[in-house]
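S.K.: So the protein lines, in turn, are chains A and B. Everything in the first sequence is counted per our numbering, starting at 247 for the first residue and increasing by one. Everything in the second sequence is counted per our numbering, starting at 365 for the first residue and increasing by one.
What the hints contain is simulated information worked out from the structure, not anything from laboratory work. Yeah, the Cβ is synthetic: ideal placement off N, Cα and C, and Gly gets one too. Heads up, a few of these hints could be off.
Listed below are the simulated DSS-like cross-link pairs for lysine-lysine, each with C-alpha atoms no more than 27 Å apart in a straight line [stated by the list, open to error]:
1) B:Lys-646 <-> B:Lys-469
2) B:Lys-725 <-> A:Lys-287
3) B:Lys-577 <-> B:Lys-562
4) A:Lys-287 <-> B:Lys-562
5) A:Lys-281 <-> B:Lys-664
6) B:Lys-577 <-> B:Lys-725
7) B:Lys-469 <-> B:Lys-562
8) B:Lys-562 <-> B:Lys-810
9) B:Lys-810 <-> B:Lys-664
10) A:Lys-281 <-> B:Lys-577
11) B:Lys-725 <-> B:Lys-562
12) B:Lys-664 <-> B:Lys-577
13) B:Lys-577 <-> B:Lys-646
14) B:Lys-810 <-> B:Lys-646
15) A:Lys-281 <-> B:Lys-469
Computed Cβ-Cβ distance ranges for the label pairs, DEER-style [claimed, not checked]:
16) B:Arg-795 <-> A:Gly-390: 36 to 44 Å
17) A:Lys-353 <-> B:Ser-764: 53 to 61 Å
18) B:Thr-619 <-> A:Gly-351: 33 to 41 Å
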Amino acid sequence: MAHSIADEYNLKTGEPVADGHHHDVLFALYDDEEKLMAAVKEANSRHLHIMEVYTPFPVHGLDPLLGFEESRLHQAGFVYGALGTLTAFGFMTWVFTRDWPIIFGGKPYWSVPAFIPITFELTVLFAAVGMVVTFYIICGLGPGAEPIRLHDRITDDKFCIAFDLNHGGDDEDSIRDFFSATGAESVHRKLV
Amino acid sequence: MSGHVSPIREPLIEGGKSYHQITEDICAPTEQTPGLAWIITFIISVICLGMFAFSVAWTVWVGIGSWNLNRTINWGWDITNFVWWVGIGHAGTLISAILLLFRQKWRTGVNRAAEAMTIFAVICAGQFPLIHMGRLWLAIFIFPYPNTRGPLWVNFNSPLLWDVFAISTYFTVSLLFWYTGLVPDFATVRDRAKGFRKKIYSALAFGWNGSAKHWQRWESLSLVLAGLATPLVLSVHTIVSFDFATSVIPGWHTTIFPPYFVAGAIFSGFAMVLTLMLIARKVLNLQEYITLQHIESMNKVILLTGSIVGVAYLTELFIAWYSGYIYEQWAFQNRVLGPYSWSYIGMMLCNVISPQVFWSKRARRSIFITFFMSIFINIGMWFERFVIIATTLARDYLPSSWSYYVPTWVEIMIFVGTLGLFFTLFLIFTRVAPVVAIAEVKSILKTSGDQYTGFHPTAGHHGHHVPANAHTEANDLQAGGTVDIDEDHEIK
Numbered sequence: 247m248a249h250s251i252a253d254e255y256n257l258k259t260g261e262p263v264a265d266g267h268h269h270d271v272l273f274a275l276y277d278d279e280e281k282l283m284a285a286v287k288e289a290n291s292r293h294l295h296i297m298e299v300y301t302p303f304p305v306h307g308l309d310p311l312l313g314f315e316e317s318r319l320h321q322a323g324f325v326y327g328a329l330g331t332l333t334a335f336g337f338m339t340w341v342f343t344r345d346w347p348i349i350f351g352g353k354p355y356w357s358v359p360a361f362i363p364i365t366f367e368l369t370v371l372f373a374a375v376g377m378v379v380t381f382y383i384i385c386g387l388g389p390g391a392e393p394i395r396l397h398d399r400i401t402d403d404k405f406c407i408a409f410d411l412n413h414g415g416d417d418e419d420s421i422r423d424f425f426s427a428t429g430a431e432s433v434h435r436k437l438v
Numbered sequence: 365m366s367g368h369v370s371p372i373r374e375p376l377i378e379g380g381k382s383y384h385q386i387t388e389d390i391c392a393p394t395e396q397t398p399g400l401a402w403i404i405t406f407i408i409s410v411i412c413l414g415m416f417a418f419s420v421a422w423t424v425w426v427g428i429g430s431w432n433l434n435r436t437i438n439w440g441w442d443i444t445n446f447v448w449w450v451g452i453g454h455a456g457t458l459i460s461a462i463l464l465l466f467r468q469k470w471r472t473g474v475n476r477a478a479e480a481m482t483i484f485a486v487i488c489a490g491q492f493p494l495i496h497m498g499r500l501w502l503a504i505f506i507f508p509y510p511n512t513r514g515p516l517w518v519n520f521n522s523p524l525l526w527d528v529f530a531i532s533t534y535f536t537v538s539l540l541f542w543y544t545g546l547v548p549d550f551a552t553v554r555d556r557a558k559g560f561r562k563k564i565y566s567a568l569a570f571g572w573n574g575s576a577k578h579w580q581r582w583e584s585l586s587l588v589l590a591g592l593a594t595p596l597v598l599s600v601h602t603i604v605s606f607d608f609a610t611s612v613i614p615g616w617h618t619t620i621f622p623p624y625f626v627a628g629a630i631f632s633g634f635a636m637v638l639t640l641m642l643i644a645r646k647v648l649n650l651q652e653y654i655t656l657q658h659i660e661s662m663n664k665v666i667l668l669t670g671s672i673v674g675v676a677y678l679t680e681l682f683i684a685w686y687s688g689y690i691y692e693q694w695a696f697q698n699r700v701l702g703p704y705s706w707s708y709i710g711m712m713l714c715n716v717i718s719p720q721v722f723w724s725k726r727a728r729r730s731i732f733i734t735f736f737m738s739i740f741i742n743i744g745m746w747f748e749r750f751v752i753i754a755t756t757l758a759r760d761y762l763p764s765s766w767s768y769y770v771p772t773w774v775e776i777m778i779f780v781g782t783l784g785l786f787f788t789l790f791l792i793f794t795r796v797a798p799v800v801a802i803a804e805v806k807s808i809l810k811t812s813g814d815q816y817t818g819f820h821p822t823a824g825h826h827g828h829h830v831p832a833n834a835h836t837e838a839n840d841l842q843a844g845g846t847v848d849i850d851e852d853h854e855i856k
């Protein structure tokens, strides 16, 4: 097999040493999402343990192959929205029936139809803000976040399959063999 | 997974692009020194923005008396401009949210810029309710906060307060939706940048790395936000129309206002998107991503919403007559034939008559006609709001207090100033962020790129055109010297 060229993390020997905190990542770049999909299927049939797949855009049909369950973000969104509904409606009810009842235009204190617009707006606001914040937290993203980034072309035009040599449980040769069998464009090794 | 390639749909990405070429083309404006046209436009915009600051300061210093409002005409250009700007904002949400739910692929070429336009237009709109209070520092009174006056709460039954909630929610949700869409594209720019730019874009990109799980959640989030933004956008202009419709003023007190305002908002918003995109695609060299097909699709929406608005105008007149109520009838007779008939005629010509040219396919695909129509519609929709506000208020219940309203220089300067604010923000946006959603365009390449669709309207115009079903590898090579994998790679 070809040797990996040292990157900034590698030792001069070309033999990276992982210290437990790091992942010793062996990854390959593919130039097309169809090759990537075929490769992921092949990895599944060879019972290899993919650490992560990185793509420049959402590739449809990839999630079931990687064994991802449907995201439950929308369920969280429903809860946040319901919280917004209760907050808005409850607050307006409290203000106009308990805290400071005022008659506007001869209408009842508790004039439910007039509360609907603000209740709707706060439902949407709570659901949207809650979901977006949840999204960034569970993905570990945010200003200053430094998650694993393997290659600069992944956000451009390359599709990446990464294996963790320390914790993945697959030996390097079988991974390299898999990469060459599935038409990887290039193979890299990086300590992250 | 290339998905289904329609044999009859025209391509949405021209020039036989590869993924890498898409990145190169769309990132280019953020990486180059701006051209002379950009600099001149920017200077003019900033001067207008300065006029805005000056005229608002003048309003605050002298007082609302510096405007030509009076007891009869208590809303003038201020609320006209407010409604106009809010309406313009609606196209962005329509394109990004409603067209996402309808799975319209042409959305991907224009959604980013349209959403940016939404946010900037809502910022401009938001200035007017604040300024028209005269005492800006009392603007906090519109929020229900525990104050020392009881606490005395705001009137939750008032449409003006509903507006506060609607506009602020709309702004927040649009901003979140827009930014979440931008994060992967900022990451693309980050991974190409060097030095200080890389630091800035690293912060903006939130550490995005393109992980499959993140993409899955990102798509889920986008879909639900689109689902939330769709009723939201309809509610916002509905509530804006309630400002008028719930008041007992003949000419305003009509149930047709919510749908009529929403259709008008989408109509004017698309016109503004076209005005901006026709210039941007040329200046930023994005003609292959914002194609005639995109322009034609938007013109179809303009034709539809313009016709809905036209039907609404006629329905108003019919219902006024049919009501048998002389005050209502007179209000509309006054609107059409009264002292402001010039603005009614302008509105009808710009909004109803002239968009009918878009029944012709040639007109829909003509950049020249589209550009002028987009300007007409912007003017016409401004007239519509002016007609509704000024003609109604100028002739109130007491003929002795009837008057005729013309704005002062301060009011005109504030309006021109918000145009300056809008264009300053938009011009900065075109230099800082990718104007077209890079990741989304890449995701439709295999179904809508012209080398895959088998439909080649531009064949022969592009030197680097590649045959149908060409492999992306071939495209990489076609792109010439742009393939530069880092030194740590090895070809097998």
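S.K.: Now, for every hint given, state plainly whether the structure supports it.
M.R.: Hints, one by one, checked against the model:
At roughly 21 Å between alpha-carbon atoms, Lys-646 (chain B) and Lys-469 (chain B) fall within 27 Å of each other, so this suggested pair holds. Under the criterion of a C-alpha separation no larger than 27 Å, the hint pairing Lys-725 (chain B) with Lys-287 (chain A) is inconsistent with the structure, at around 46 Å. Note on Lys-577 (chain B) and Lys-562 (chain B): the hinted pairing holds, with a Cα-Cα distance of about 25 Å set against a maximum of 27 Å. The straight-line distance between the Cα atoms of Lys-287 (chain A) and Lys-562 (chain B) is roughly 36 Å, outside the 27 Å bound, and the hint therefore fails.
With a C-alpha separation of about 38 Å, the suggested pair Lys-281 (chain A) and Lys-664 (chain B) falls outside the 27 Å cut-off, and the hint is violated. For the hint linking Lys-577 (chain B) to Lys-725 (chain B), the alpha-carbon distance of about 43 Å lies beyond 27 Å, and the restraint is violated. For the suggested pair Lys-469 (chain B) and Lys-562 (chain B), the alpha carbons sit about 31 Å apart, so the restraint of at most 27 Å is broken. Restraint check: the Cα-Cα separation between Lys-562 (chain B) and Lys-810 (chain B) comes to about 30 Å, which exceeds 27 Å; the hinted pair is violated.
Simply put, Lys-810 (chain B) and Lys-664 (chain B) have alpha-carbon atoms about 25 Å apart, close enough for the 27 Å limit, and the pair holds. Using a Cα cut-off of 27 Å, the hinted pair Lys-281 (chain A) and Lys-577 (chain B) holds, with the two alpha carbons roughly 19 Å apart. Distance hint between Lys-725 (chain B) and Lys-562 (chain B) is unfulfilled; the C-alpha atoms sit about 45 Å from each other, more than 27 Å. At roughly 37 Å between alpha-carbon atoms, Lys-664 (chain B) and Lys-577 (chain B) are farther apart than 27 Å, so this suggested pair is violated.
Among the hinted pairs, Lys-577 (chain B) with Lys-646 (chain B) is inconsistent with the structure: their alpha-carbon atoms are about 37 Å apart, more than 27 Å. Proximity of Lys-810 (chain B) to Lys-646 (chain B) is assessed by CA-CA distance (about 25 Å); at most 27 Å being required, the pair is judged to hold. Simply put, Lys-281 (chain A) and Lys-469 (chain B) have alpha-carbon atoms about 24 Å apart, close enough for the 27 Å limit, and the pair holds. Arg-795 (chain B) and Gly-390 (chain A) have their C-beta atoms about 24 Å apart, which leaves the hinted 36 to 44 Å range violated.
Distance hint check for Lys-353 (chain A) and Ser-764 (chain B): the Cβ-Cβ separation is about 32 Å, which falls outside the suggested range of 53 to 61 Å. Remark: the range hint 33 to 41 Å for Thr-619 (chain B) to Gly-351 (chain A) is contradicted by a beta-carbon distance near 18 Å.
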